[in-house]
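Participant: Sequence:
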Amino acid sequence: MRMAELSRRTGVPVPTIKYYLREGLLLPGERTSPNQAFYDASHVRRLKMIRALADVGGLPIAKVRDVLDTVDSPEEPFEVLGTVQKSIEPPSIEGEGEHWDAARKHVAEVLADRGWPRDLDCPPAKTLIAALASVYELGRDDLAGLVERYAEAAEQVAVIDVATVTEARSLEDVIEGVVIGTVLGEKMFGALRRLAHQYATAKALGIDPDSGERE
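For the sequence shown, the UniProt record's numbering begins at 1 and goes up steadily by one.
Hints are computed from structural coordinates only; laboratory data are not their basis.
Do not take every clue at face value.
[As the list claims (entries may be wrong)] Quick list of the computed label-pair ranges, beta carbon to beta carbon: (1) Gly212 - Leu21: 34 to 40 Å; (2) Asp69 - Pro15: 30 to 36 Å; (3) Asn35 - Asp161: 19 to 25 Å.
[Claimed, not checked] Capping the alpha-carbon separation at 27 Å, the derived lysine-lysine pairs in BS3-like fashion look like this: (4) Lys126 - Lys187; (5) Lys86 - Lys48; (6) Lys203 - Lys187; (7) Lys105 - Lys86; (8) Lys126 - Lys86; (9) Lys63 - Lys105; (10) Lys203 - Lys48; (11) Lys63 - Lys126.
All C-beta atoms in this analysis are idealised placements derived from N, C-alpha and C, irrespective of residue type, glycine included.
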């Protein structure tokens, strides 16, 4: 197909496709003349992934490039997961003091209790430590105490995720599943949690979740 057809099938404007080509996010098409190229289903798939990572996943283009580079140079899924996590985690916040010490100790204990890797310097551990430190600084030790229960639920979700992406698939499919599942799964799980909060809050207050009126 030509670029106009590629644009129609993906919903991505032609100028945006050209931008992705210049940035190296999208592989060039097959040249038929100096000003013409043909594209195939792999370009459609690639564009859909770029838009999913950027528009829904919220990754900046530079991070999308890092993730796609990993997809193009397949490694072990565990290594790919590390690359993706570094791309989706916010910049690390470092701090000192008793609250940060308490947060680091708390996270270390949770990782040890669950038998998870005990790397406190990995991106998600740093994010968790920063969040916990803020909770302690606000004097909400009751919320910090939920981490163990969250960890148990998170492990159950992770087991489901891994089983889904690794079941009877090629290495390339597994890696793509890790990328899409990690980035978009984060969005889906967060949205489900917020929807569940709305429901649980309404029920706790005796309000009908649909009508907004007291039962």
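Participant: Confirm or reject each hint.
Facilitator: Going down the list of hints, with the structure as the test:
1. Gly212 - Leu21: 34 to 40 Å: 49 Å, violated
2. Asp69 - Pro15: 30 to 36 Å: This hint is violated: roughly 23 Å between Cβ atoms.
3. Asn35 - Asp161: 19 to 25 Å: 45 Å, violated
4. Lys126 - Lys187: Holds: Lys126 and Lys187 sit about 19 Å apart, inside 27 Å.
5. Lys86 - Lys48: Holds, at roughly 22 Å.
6. Lys203 - Lys187: 25 Å, holds
7. Lys105 - Lys86: Within the cut-off at roughly 22 Å; holds.
8. Lys126 - Lys86: It holds: about 11 Å lies between the C-alpha atoms, which stays within 27 Å.
9. Lys63 - Lys105: Violated. Lys63 to Lys105 sits at ~31 Å, over the 27 Å cutoff.
10. Lys203 - Lys48: 39 Å, violated
11. Lys63 - Lys126: At roughly 19 Å apart (the allowed maximum being 27 Å), Lys126 and Lys63 satisfy the hint.
Taken one by one, the earlier hints fail for this structure at numbers 1, 2, 3, 9, 10, listed in ascending order.
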